[in-house]
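Student: Each chain, written out:
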Amino acid sequence: MAQRTLNYDKLQELFAASDQVDEFRIKEPASKTIESQMEVEMDILKIYEDILGQDKSQFPTLRSKSHSKYINAFLSRPLPAPFTALDASQPWIVYWLVNSKALLGEEIDPELSERVGYKILECVDAETGAIGGGSGQMAHLAATYAGLLALTVSKSYNAAAQLDRHKIYNWLLQMKQPDGSFIMHYNGEADTRAVYCAICVASLLDILDDKLAYKTIDWLASCQTYEGGFSGYPGDEAHGGYTFCAVAALSMLRSPTELPSVIDLDNLISWTVQRQYNVEGGLSGRTNKLVDGCYSHWAGGLTPLLEIATGQRDLLNRIQLQNYILCCCQDEPAGLRDKPSTRADFYHTNYVLCGLSMTQHYQEYKDGTYTGHRIADPSITDILDVNQVRSLDPIYGVPNGMASQMIALYRA
Amino acid sequence: MYDYSDIIVEEPVEPSPLCQILYSDEFKHLIGIAKALMRSNEHSERALEITEKVIEKVAAHYTIWSYRLSIVKGLENYSLDKELEWCGQIALNNPKNYQIWHYRSLIIELILERNGNFDLKQEYPILERMLDQDSKNYHVWSYRRWLVKRFNLFRDTDELKYTEKMLEEDVRNNSAWNHRFFVLFGDKKTLTNDHVQREISYVTSKVDIAPTNPSSWNYLKGIYTQLGLDITNLQPLATKYSDLGAVHSQYAFELLAEIFERQKLFDQAINIYALLEEKDSIRKRYWRWRSSRLNF
Numbered sequence: 001m002a003q004r005t006l007n008y009d010k011l012q013e014l015f016a017a018s019d020q021v022d023e024f025r026i027k028e029p030a031s032k033t034i035e036s037q038m039e040v041e042m043d044i045l046k047i048y049e050d051i052l053g054q055d056k057s058q059f060p061t062l063r064s065k066s067h068s069k070y071i072n073a074f075l076s077r078p079l080p081a082p083f084t085a086l087d088a089s090q091p092w093i094v095y096w097l098v099n100s101k102a103l104l105g106e107e108i109d110p111e112l113s114e115r116v117g118y119k120i121l122e123c124v125d126a127e128t129g130a131i132g133g134g135s136g137q138m139a140h141l142a143a144t145y146a147g148l149l150a151l152t153v154s155k156s157y158n159a160a161a162q163l164d165r166h167k168i169y170n171w172l173l174q175m176k177q178p179d180g181s182f183i184m185h186y187n188g189e190a191d192t193r194a195v196y197c198a199i200c201v202a203s204l205l206d207i208l209d210d211k212l213a214y215k216t217i218d219w220l221a222s223c224q225t226y227e228g229g230f231s232g233y234p235g236d237e238a239h240g241g242y243t244f245c246a247v248a249a250l251s252m253l254r255s256p257t258e259l260p261s262v263i264d265l266d267n268l269i270s271w272t273v274q275r276q277y278n279v280e281g282g283l284s285g286r287t288n289k290l291v292d293g294c295y296s297h298w299a300g301g302l303t304p305l306l307e308i309a310t311g312q313r314d315l316l317n318r319i320q321l322q323n324y325i326l327c328c329c330q331d332e333p334a335g336l337r338d339k340p341s342t343r344a345d346f347y348h349t350n351y352v353l354c355g356l357s358m359t360q361h362y363q364e365y366k367d368g369t370y371t372g373h374r375i376a377d378p379s380i381t382d383i384l385d386v387n388q389v390r391s392l393d394p395i396y397g398v399p400n401g402m403a404s405q406m407i408a409l410y411r412a
Numbered sequence: 001m002y003d004y005s006d007i008i009v010e011e012p013v014e015p016s017p018l019c020q021i022l023y024s025d026e027f028k029h030l031i032g033i034a035k036a037l038m039r040s041n042e043h044s045e046r047a048l049e050i051t052e053k054v055i056e057k058v059a060a061h062y063t064i065w066s067y068r069l070s071i072v073k074g075l076e077n078y079s080l081d082k083e084l085e086w087c088g089q090i091a092l093n094n095p096k097n098y099q100i101w102h103y104r105s106l107i108i109e110l111i112l113e114r115n116g117n118f119d120l121k122q123e124y125p126i127l128e129r130m131l132d133q134d135s136k137n138y139h140v141w142s143y144r145r146w147l148v149k150r151f152n153l154f155r156d157t158d159e160l161k162y163t164e165k166m167l168e169e170d171v172r173n174n175s176a177w178n179h180r181f182f183v184l185f186g187d188k189k190t191l192t193n194d195h196v197q198r199e200i201s202y203v204t205s206k207v208d209i210a211p212t213n214p215s216s217w218n219y220l221k222g223i224y225t226q227l228g229l230d231i232t233n234l235q236p237l238a239t240k241y242s243d244l245g246a247v248h249s250q251y252a253f254e255l256l257a258e259i260f261e262r263q264k265l266f267d268q269a270i271n272i273y274a275l276l277e278e279k280d281s282i283r284k285r286y287w288r289w290r291s292s293r294l295n296f
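So the protein lines, in turn, are chains F and Y.
The opening residue of the first sequence carries number 1 in UniProt numbering; numbering runs sequentially from there.
The opening residue of the second sequence carries number 1 in UniProt numbering; numbering runs sequentially from there.
None of these hints come from the bench; they were simulated from the model.
For glycine and all other residues, C-beta sits at the position ideal for the given N, C-alpha and C.
Fair warning: there could be bad hints in the mix.
Partial list, computed: chain F residues near chain Y (C-beta under 10 angstroms) [stated by the list, open to error]:
hint, residue
1, Lys-56
2, Leu-75
3, Phe-83
4, Tyr-186
5, Tyr-233
6, Ser-270
7, Val-273
8, Arg-374
Listed next, the in silico DSS-like pairs over lysine-lysine satisfying Cα-Cα at most 27 angstroms (straight line) [what the hints assert, rightly or not]:
hint, chain 1, residue 1, chain 2, residue 2
9, F, Lys-339, Y, Lys-284
10, F, Lys-339, Y, Lys-279
11, F, Lys-27, Y, Lys-165
12, Y, Lys-189, F, Lys-215
13, Y, Lys-264, Y, Lys-279
14, F, Lys-339, Y, Lys-96
15, F, Lys-69, F, Lys-339
Residues of chain F placed beyond 10 angstroms of chain Y at every Cβ, according to the derived structure [stated by the list, open to error]:
hint, residue
16, Ser-66
17, Asn-158
18, Ala-202
19, Asp-218
20, Arg-343
21, Asp-345
22, Thr-369
23, Ala-376
24, Gln-405
Go ahead and model the full structure; you've got the sequences and the hints to work with.
Tutor: Structure, rendered in structure tokens:
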């Protein structure tokens with residue numbers, strides 16, 4: 001109960017400071033950015049006001065049971081026709097669902113594990129050995145990444161053993177571009193997502209070598225913008241998703257402690273902490289864009305890597321992000337969402353839970369592996385069991401330790 | 001509608017039950033034909049039509065986009081201008097899509113390959129319409145960046161004017177700021193002194209309009225870093241918006257602290273960081289860390 005007081009007290013601080021924000025902004029010319037920003041702030045302040053008007057004991061907690069029910073429902077029955085829009089993203093659907101389930105502390109039983117394996121192998125493109133968006137689709141780096149993660153989280157090692165690493169290696173080399181980047185698929189686009197997915201895939205399959213990594217660090221570094229974050233392609237705008245991809249990939253190719261030698265780390269930190277908004281407590285993906293729960297992971301997920309790089313903890317305000325997640329991102333009846341005006345979906349359910357996990361754990365980096373430690377300091381974050389989710393590997397986006405089990409399988 | 005009656009659609013033997021999508025019969029039919037034609041690598045008008053129908057339903061179907069590209073390449077008499085027009089329609093209906101704009105750039109490459117030239121002007125109406133819908137659409141700006149590089153529009157007057165128009169409408173459009181930065185500095189060529197001064201006055205005037213706008217402060221600092229200029233020159237501007245008794249902005253405070261750091265006036269920098277800890281309390285620990293890093 002003491003900790004619910006902490007969330008409440010901190011929210012009260014946030015709420016009390018919120019009127020400062022508008023002191024000068026409202027005198028500036030009206031524009032779309034300001035209008036939509038103020039609309040979101042008003043929605044959220046209303047929610048915060050209601051919560052602060054209730055007893056501290058009523059402070060929202062993670063409704064794990066409802067969220068689990070939501071996830072399990074979709075893991076046990078077919079998806080209705082509107083999901084046709086995700087026909088080319090089927091491994092993603094499986095990853096989002098099983099990873100959310102795992103983060104919520106639920107076990108993935110052998111039967112589900114087998115079904116995941118069957119599903120992912122069905123998506124394998126026979127020609128290249130890599131994974132596509134669905135059966136009969138061309139191999140795609142993001143699908144291969146999501147498919148491998150789904151196997152990793154559900155410990156579908158039998159299925160994983162059937163992947164042809166040699167073929168996948170050759171395919172990765174074909175996706176590799178002379179400038180160091182990767183394209184998503186034949187005739188596909190090159191961007192930092194593709195690079196992150198390629199490096200993760202190669203690393204999980206234990207096939208990462210100098211040839212695959214050639215010039216990739218330089219290419220990623222060239223995606224850092226004048227704002228400090230990273231873009232999808234050199235010259236584009238700094239963006240949360242791409243920044244996570246770039247920084248996680250660089251941390252794999254080197255280590256987070258070596259980041260200062262390849263990028264402007266101070267500018268990256270400055271951009272990252274500016275993603276957190278004073279009124280909402282949540283994070284946006286770009287300068288002057290709206291808060292969105294998924295950036296709790298894409299931008300917030302940079303925090304452990306930046307903490308390791310600098311040796312300084314809590315560069316991001318964990319408790320206020322947690323307040324945004326608990327108060328604004330839980331949909332009725334279940335699932336997690338972008339912001340109060342939106343509905344829950346699988347993507348947001350997973351990445352909001354990833355972000356929540358970050359707010360509850362520190363990561364220790366030793367000999368190339370990460371270990372999560374639940375934060376025990378009640379002045380930093382809650383230590384309420386009811387909100388607890390599993391600790392998340394800051395690179396792969398699966399619970400700590402699972403990726404190394406997968407790598408060990410291929411190494412054996 | 002073309003005749004597809006000769007096509008034999010293969011059904012997956014035993015589709016995996018996990019997360020199986022309950023497709024409409026219509027979609028099953030379309031995708032079945034598309035995949036069958038793709039397997040036989042047919043480049044025909046009817047193949048083109050079937051890809052169009054699938055993409056209209058699932059714009060993210062990258063396999064079908066890729067097949068479509070090979071069909072278009074194979075049909076030498078098919079009008080590529082028509083293809084661009086069709087692409088535009090799909091884009092308007094699918095603003096958040098990774099395939100369309102990349103595909104568009106490949107079609108333009110094909111036009112260049114065949115005709116030796118491409119009239120850039122025909123690209124502007126669709127970009128205009130897209131950015132009217134969403135002035136910060138990442139894919140569209142990324143495509144515009146590609147155009148700048150491909151057609152060497154660095155420091156192009158019209159391109160700069162376009163960003164000015166966008167910033168006139170919304171000075172917080174960070175995508176427009178970012179694009180402007182690329183147009184000016186993306187090819188790493190040096191600007192004349194005069195041009196640099198004009199750009200600094202431009203962004204300063206935008207700071208004056210909206211001193212709490214992070215985009216313009218970031219842009220200003222970006223120019224200084226890019227050109228290796230001395231940020232202590234920005235002291236008057238930073239001071240102007242660090243007056244607690246008047247309009248002030250956390251970005252001005254931050255810049256002022258950085259200027260003090262550069263001047264080795266650490267006590268003054270620490271005072272500013274202490275102020276930021278209080279005024280921008282969500283980043284309290286961050287500001288404290290910045291302060292703690294100063295060496296005496």
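Student: Look at each hint and say if it fits the structure.
Tutor: A quick look at each hint next to the structure:
{"no.": "1", "hint": "Lys-56", "verdict": "violated, 21 angstroms"}
{"no.": "2", "hint": "Leu-75", "verdict": "holds, 7 angstroms"}
{"no.": "3", "hint": "Phe-83", "verdict": "holds, 5 angstroms"}
{"no.": "4", "hint": "Tyr-186", "verdict": "holds, 6 angstroms"}
{"no.": "5", "hint": "Tyr-233", "verdict": "holds, 6 angstroms"}
{"no.": "6", "hint": "Ser-270", "verdict": "holds, 8 angstroms"}
{"no.": "7", "hint": "Val-273", "verdict": "holds, 5 angstroms"}
{"no.": "8", "hint": "Arg-374", "verdict": "violated, 19 angstroms"}
{"no.": "9", "hint": "F:Lys-339 to Y:Lys-284", "verdict": "holds, 25 angstroms"}
{"no.": "10", "hint": "F:Lys-339 to Y:Lys-279", "verdict": "holds, 26 angstroms"}
{"no.": "11", "hint": "F:Lys-27 to Y:Lys-165", "verdict": "holds, 21 angstroms"}
{"no.": "12", "hint": "Y:Lys-189 to F:Lys-215", "verdict": "holds, 23 angstroms"}
{"no.": "13", "hint": "Y:Lys-264 to Y:Lys-279", "verdict": "holds, 24 angstroms"}
{"no.": "14", "hint": "F:Lys-339 to Y:Lys-96", "verdict": "holds, 18 angstroms"}
{"no.": "15", "hint": "F:Lys-69 to F:Lys-339", "verdict": "holds, 21 angstroms"}
{"no.": "16", "hint": "Ser-66", "verdict": "holds, 20 angstroms"}
{"no.": "17", "hint": "Asn-158", "verdict": "holds, 15 angstroms"}
{"no.": "18", "hint": "Ala-202", "verdict": "holds, 21 angstroms"}
{"no.": "19", "hint": "Asp-218", "verdict": "holds, 15 angstroms"}
{"no.": "20", "hint": "Arg-343", "verdict": "holds, 16 angstroms"}
{"no.": "21", "hint": "Asp-345", "verdict": "holds, 13 angstroms"}
{"no.": "22", "hint": "Thr-369", "verdict": "holds, 26 angstroms"}
{"no.": "23", "hint": "Ala-376", "verdict": "holds, 17 angstroms"}
{"no.": "24", "hint": "Gln-405", "verdict": "holds, 22 angstroms"}
In this structure, the earlier hints numbered 1 and 8 are contradicted, and the remaining ones agree with it.
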